[in-house]
Amino acid sequence: MNLPESKASAVSFTSGADSYIRRRLLISRAFSWICRLVTYASLAVLLVLIGSILWSSLGRLSPNFLWNHYSMNPMKAGILAGLWGSFWLVLITALFSIPIGVGSAVYLEELAKDNFFVRIIKVNLSNLAGVPSIVYGILGLTAFRPMMMFMQTLFDGQHAINIGGMFRVRLVHLSIFDGSLLIGALTMSLVIMPTVIIASQEALRAVPQSIRVASLALGATRWQTIWRQVIPAALPGIATGVILSISRAMGEAAPLMMIGVLTVASMCPGGIESPVQLVTEPSRLLSVPFDQFTAMPVEIYDWSKQPDPQDRFTSVAAAGIVVLLLVLLTINAVAMIVRTRASRKLQW
Amino acid sequence: MPAITSAMSVPPSVPGVDRNLDTSRHASAIDVRNMNFYYGEHQVLFDISLMVPERSVTALIGPSGCGKSTFLRTLNRMNDLVEGSRSTGVCLVEGQNIMDPAVDVVLLRKHVGMVFQKSTPFPKSIFENVAYGPRVSGEKNRAVLADLVESCLRKAALWDEVKDRLNTSAMALSGGQQQRLCIARTLATNPRIILMDEPASALDPASTDRIENLIGELCANYTIVIVTHNMQQASRVSHQTAFFFKGRLVEVGPTMKIFTSPSEKQTEDYITGRFG
Amino acid sequence: MSETPVSWATRRQHRRHETLIQWALFFCAALSVLTTAAIILVLLSNAVYAPGDKTAFFEKVSLWEFLTGTHWKPSDGPGGKYGIWPLLSGTFLVAIVAAAVSIPAGLGAAIYMSEYANPKEREWIKPVLEVLAGIPSVVFGFFALKFITPVVLKPLFQFLGADIAVFNSLSAGIVVGIMVTPLIASLSEDVIRSVPRSLREAAYALGSTRFDVSAKVVVPAALSGILASFLLAFSRAIGETMAVAIAAGGNPVFTLNPLRGAQTMTGFMVHASTGDSAADSIPRMSMYAVGITLFVITLIINLISGWILRRYREVYQ
Chain A
3 MNLPESKASA
13 VSFTSGADSY
23 IRRRLLISRA
33 FSWICRLVTY
43 ASLAVLLVLI
53 GSILWSSLGR
63 LSPNFLWNHY
73 SMNPMKAGIL
83 AGLWGSFWLV
93 LITALFSIPI
103 GVGSAVYLEE
113 LAKDNFFVRI
123 IKVNLSNLAG
133 VPSIVYGILG
143 LTAFRPMMMF
153 MQTLFDGQHA
163 INIGGMFRVR
173 LVHLSIFDGS
183 LLIGALTMSL
193 VIMPTVIIAS
203 QEALRAVPQS
213 IRVASLALGA
223 TRWQTIWRQV
233 IPAALPGIAT
243 GVILSISRAM
253 GEAAPLMMIG
263 VLTVASMCPG
273 GIESPVQLVT
283 EPSRLLSVPF
293 DQFTAMPVEI
303 YDWSKQPDPQ
313 DRFTSVAAAG
323 IVVLLLVLLT
333 INAVAMIVRT
343 RASRKLQW
Chain B
123 MPAITSAMSV
133 PPSVPGVDRN
143 LDTSRHASAI
153 DVRNMNFYYG
163 EHQVLFDISL
173 MVPERSVTAL
183 IGPSGCGKST
193 FLRTLNRMND
203 LVEGSRSTGV
213 CLVEGQNIMD
223 PAVDVVLLRK
233 HVGMVFQKST
243 PFPKSIFENV
253 AYGPRVSGEK
263 NRAVLADLVE
273 SCLRKAALWD
283 EVKDRLNTSA
293 MALSGGQQQR
303 LCIARTLATN
313 PRIILMDEPA
323 SALDPASTDR
333 IENLIGELCA
343 NYTIVIVTHN
353 MQQASRVSHQ
363 TAFFFKGRLV
373 EVGPTMKIFT
383 SPSEKQTEDY
393 ITGRFG
Chain C
36 MSETPVSWAT
46 RRQHRRHETL
56 IQWALFFCAA
66 LSVLTTAAII
76 LVLLSNAVYA
86 PGDKTAFFEK
96 VSLWEFLTGT
106 HWKPSDGPGG
116 KYGIWPLLSG
126 TFLVAIVAAA
136 VSIPAGLGAA
146 IYMSEYANPK
156 EREWIKPVLE
166 VLAGIPSVVF
176 GFFALKFITP
186 VVLKPLFQFL
196 GADIAVFNSL
206 SAGIVVGIMV
216 TPLIASLSED
226 VIRSVPRSLR
236 EAAYALGSTR
246 FDVSAKVVVP
256 AALSGILASF
266 LLAFSRAIGE
276 TMAVAIAAGG
286 NPVFTLNPLR
296 GAQTMTGFMV
306 HASTGDSAAD
316 SIPRMSMYAV
326 GITLFVITLI
336 INLISGWILR
346 RYREVYQ
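In order, the protein sequences belong to chains A, B and C.
Sequential numbering from 3 applies to the first sequence in my numbering.
Sequential numbering from 123 applies to the second sequence in my numbering.
Sequential numbering from 36 applies to the third sequence in my numbering.
Derived from the structure by calculation, the hints contain no laboratory data.
One or more of the hints may lead you astray.
Facing chain B, according to a computed beta carbon distance under 7 Å, are these residues of chain C, among others [unchecked claim]: (1) 229; (2) 233; (3) 240; (4) 241.
Calculated Cβ distances over 10 Å to all of chain A for the following chain C residues [what the hints assert, rightly or not]: (5) 73; (6) 97; (7) 106; (8) 112; (9) 191; (10) 228; (11) 245; (12) 262; (13) 275; (14) 290; (15) 317; (16) 330.
What the simulated footprint calls covered on chain A by chain C, stretch by stretch (three residues with Cβ under 8 Å from a Cβ of chain C suffice, anywhere in the stretch; the number is not a length) [claimed, not checked]: (17) 52-60; (18) 77-91; (19) 142-150; (20) 189-197; (21) 237-243; (22) 292-305; (23) 323-332.
These numbers were taken from a predicted model, which means no experiment stands behind them.
Ideal placement from N, C-alpha and C gives every residue a C-beta, glycine not left out.
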């Protein structure tokens with residue numbers, strides 16, 4: 003084989019030598035800047051959002067905003083009832099949704115065999131996650147309320163229960179109103195259940211198979227393996243997912259509107275207005291789930307909608323938002339700490 | 123140095139490859155001088171100097187992790203995509219130092235094409251795959267593109283198999299066909315040099331055979347550098363063979379000489395299968 | 036030393052206790068199916084056919100009127116009009132504005148995060164998007180009504196010589212768009228990331244610029260997955276409630292003018308639930324008819340999106 007003589011190189015590789023490539027590189031750079039701009043805009047929007055709300059809240063944000071009840075006088079209106087309402091709502095919601103949600107995830111990831119019914123559950127779950135929250139509100143309004151009414155008739159009359167001989171609580175005093183905390187919490191549990199389950203499933207899936215195999219090989223049963231090895235290993239992930247779901251429940255208003263929570267509330271559930279009462283009057287706790295309530299996002303909605311030529315309720319609404327966001331920030335910070343701590347401790 | 127012909131029987135070469143070519147007498151397409159390469163603090167290539175003659179096949183052999191793939195990737199600056207990589211030395215491609223930061227890598231890669239170990243068809247039609255390179259370079263004329271696609275598919279020995287289904291998805295082709303499609307796609311940018319990174323390692327023997335014969339045909343017009351794990355393949359398709367070990371170029375020479383009477387002990391050990 | 040015989044019976048008992056747990060967990064999981072069934076049952080039994088002495092919505096108002104009417108005036112008296120179109124137009128108007136905001140923003144952010152951003156940048160971009168996604172809907176409603184409309188849109192449209200109402204679907208659409216942007220960004224980033232690195236390298240080796248690689252190879256390769264994320268975001272925008280109820284107002288008019296107020300399906304439902312109509316009056320029952328429409332629309336979009344996503348995953352796995 004003979005090789006022809008080398009010719010001088012026809013092209014120069016120096017940048018800028020080819021005008022078409024120069025143009026393409028320019029387009030490429032412009033595109034990267036557009037993408038960067040759009041991405042950074044999300045940060046700008048967040049800052050503007052928070053800035054404008056802080057600015058609007060200046061007129062009303064003060065300590066007594068936290069201690070006051072609803073009032074038609076904007077300068078007196080406060081968020082106390084909403085704060086307590088949201089607290090109880092989230093607490094009871096967590097009581098329902100965490101065991102059931104995590105239990106479902108454990109079943110689906112660890113125990114379920116791949117049969118028809120399990121596949122139905124899985125497909126259904128992903129669709130349930132996409133159902134608008136307001137639809138759950140309709141369910142709460144239509145299904146839970148009559149259920150509660152029925153329960154009430156059961157306890158009606160002169161029935162009483164005796165708890166450890168300490169308090170006698172006459173259930174006749176507990177009347178289950180429309181939009182009681184229990185109904186709200188049940189509804190909210192359904193809203194966040196798919197998120198809790200899916201987050202827990204992901205956390206369980208992240209646990210390496212080797213841990214399960216090792217545990218089973220040591221003679222542990224399936225359940226012992228799950229309970230002593232898999233769940234502890236997945237716990238940080240589950241906790242993060244659960245906390246994020248809980249914070250969603252705290253900000254959600256639509257389903258609560260549907261079940262008819264109070265927008266004008268001058269009473270906290272159970273009449274508990276300060277943490278001190280939890281110790282001094284624990285019997286009040288029993289009536290908490292059956293009381294009517296309001297929640298922070300519902301109050302904010304109401305204040306935002308007030309006809310308000312002088313912008314006086316605007317500052318009340320903004321102050322409410324600041325409180326709500328601070329609470330959410332705290333919850334999310336906890337989630338973040340859990341996540342970073344866990345990722346430092348557990349590494350595979 | 124005793125001849126070790128008996129240690130390894132050298133298989134016949136593919137048509138078009140002269141394994142006794144005196145590479146030093148030919149003009150160079152690539153001329154690497156004293157190249158060092160680092161990933162972060164970790165040095166991967168040590169003082170490599172290698173000349174690749176025009177219109178010939180150079181095979182890079184050596185055990186895994188010896189730096190032959192890294193070396194190949196410096197020849198069209200694909201390593202730029204790896205964060206924290208840096209290199210020193212000179213690499214002349216057609217007389218120009220491509221290590222120069224002023225080099226336009228987009229232009230360079232059009233002239234120094236690359237075929238990868240895993241076939242990487244884009245999830246588009248066969249036609250669009252081959253037309254991709256010319257298209258991004260600004261060719262819009264459909265007739266020109268159609269001609270180009272046909273000629274490249276013919277050169278890659280794929281035309282007869284796909285001419286009736288140019289608009290179907292390239293993902294539906296077999297592994298060997300996909301790899302030839304990737305070669306056609308590379309030819310479409312009109313390169314002078316083609317780098318091949320173990321192009322046949324994932325293919326069955328029949329497809330491998332076709333790729334090897336294709337390399338023999340292509341080297342009449344293109345300069346080819348091929349990384350391969352398969353020493354039989356290196357001995358079949360290349361004019362010149364370079365043996366890499368632990369980031370250093372141990373020996374380079376005409377393929378026949380490397381496989382029959384290497385000057386270095388390490389080379390001999392490797393090609394006789396004593397390690398690697 | 037004699038070997039202690041293994042008592043298989045105790046082991047079995049142990050397992051029986053485990054079977055019990057397994058069944059309990061199964062019921063937890065089955066509860067989600069029950070929820071879906073309950074939702075469907077509640078919607079159907081109030082909208083389509085009510086057992087017993089109650090009458091469902093469509094037993095009083097014809098399905099034809101509901102699906103073709105262009106007036107929505109719920110009222111207890113004989114003047115009530117129940118044509119879904121004003122609510123549909125309001126809903127889709129908001130959702131389309133939201134899509135116009137969130138698709139470029141979300142996709143741009145996704146491409147930036149996966150193709151351009153260095154790890155340090157990603158370290159703050161992702162949390163910022165997460166925070167944005169975690170802000171409650173009411174807050175965005177407030178932001179639209181008290182900031183976007185009066186501070187941004189009003190001066191802008193005054194400058195352009197147009198007038199914008201206090202309640203308008205444009206501001207509602209913009210904030211809903213902001214709300215769903217993180218969803219598009221994170222889902223699209225996932226699918227873009229799943230495009231194999233080898234494809235990118237092949238494109239670079241053919242002399243592509245970064246733009247060529249992202250816009251002509253990576254995004255087309257991930258297109259179906261990206262499309263699925265758009266659909267999911269669209270369905271989320273349709274179901275979005277509080278922001279829209281605050282910012283778009285409560286006037287159900289059949290219009291496609293984003294500068295005016297509108298009522299969406301969700302907005303109407305909130306409105307109807309807070310209204311003082313009797314529990315079994317037609318205005319109250321119409322809530323279920325709207326609810327079933329909303330449920331069906333979002334369900335269909337979610338199913339399509341899930342189907343596309345599953346098919347996409349099959350290609351690269």
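Hint check:
{"no.": "1", "hint": "229", "result": "violated, 12 Å"}
{"no.": "2", "hint": "233", "result": "holds, 5 Å"}
{"no.": "3", "hint": "240", "result": "holds, 4 Å"}
{"no.": "4", "hint": "241", "result": "holds, 4 Å"}
{"no.": "5", "hint": "73", "result": "violated, 6 Å"}
{"no.": "6", "hint": "97", "result": "holds, 22 Å"}
{"no.": "7", "hint": "106", "result": "holds, 23 Å"}
{"no.": "8", "hint": "112", "result": "holds, 24 Å"}
{"no.": "9", "hint": "191", "result": "holds, 15 Å"}
{"no.": "10", "hint": "228", "result": "holds, 15 Å"}
{"no.": "11", "hint": "245", "result": "violated, 5 Å"}
{"no.": "12", "hint": "262", "result": "holds, 16 Å"}
{"no.": "13", "hint": "275", "result": "violated, 8 Å"}
{"no.": "14", "hint": "290", "result": "holds, 22 Å"}
{"no.": "15", "hint": "317", "result": "holds, 16 Å"}
{"no.": "16", "hint": "330", "result": "violated, 5 Å"}
{"no.": "17", "hint": "52-60", "result": "holds (count 3)"}
{"no.": "18", "hint": "77-91", "result": "violated (count 0)"}
{"no.": "19", "hint": "142-150", "result": "holds (count 3)"}
{"no.": "20", "hint": "189-197", "result": "holds (count 3)"}
{"no.": "21", "hint": "237-243", "result": "violated (count 0)"}
{"no.": "22", "hint": "292-305", "result": "holds (count 3)"}
{"no.": "23", "hint": "323-332", "result": "holds (count 4)"}
Violated hints, in rising order: 1, 5, 11, 13, 16, 18 and 21; the structure is consistent with all others.
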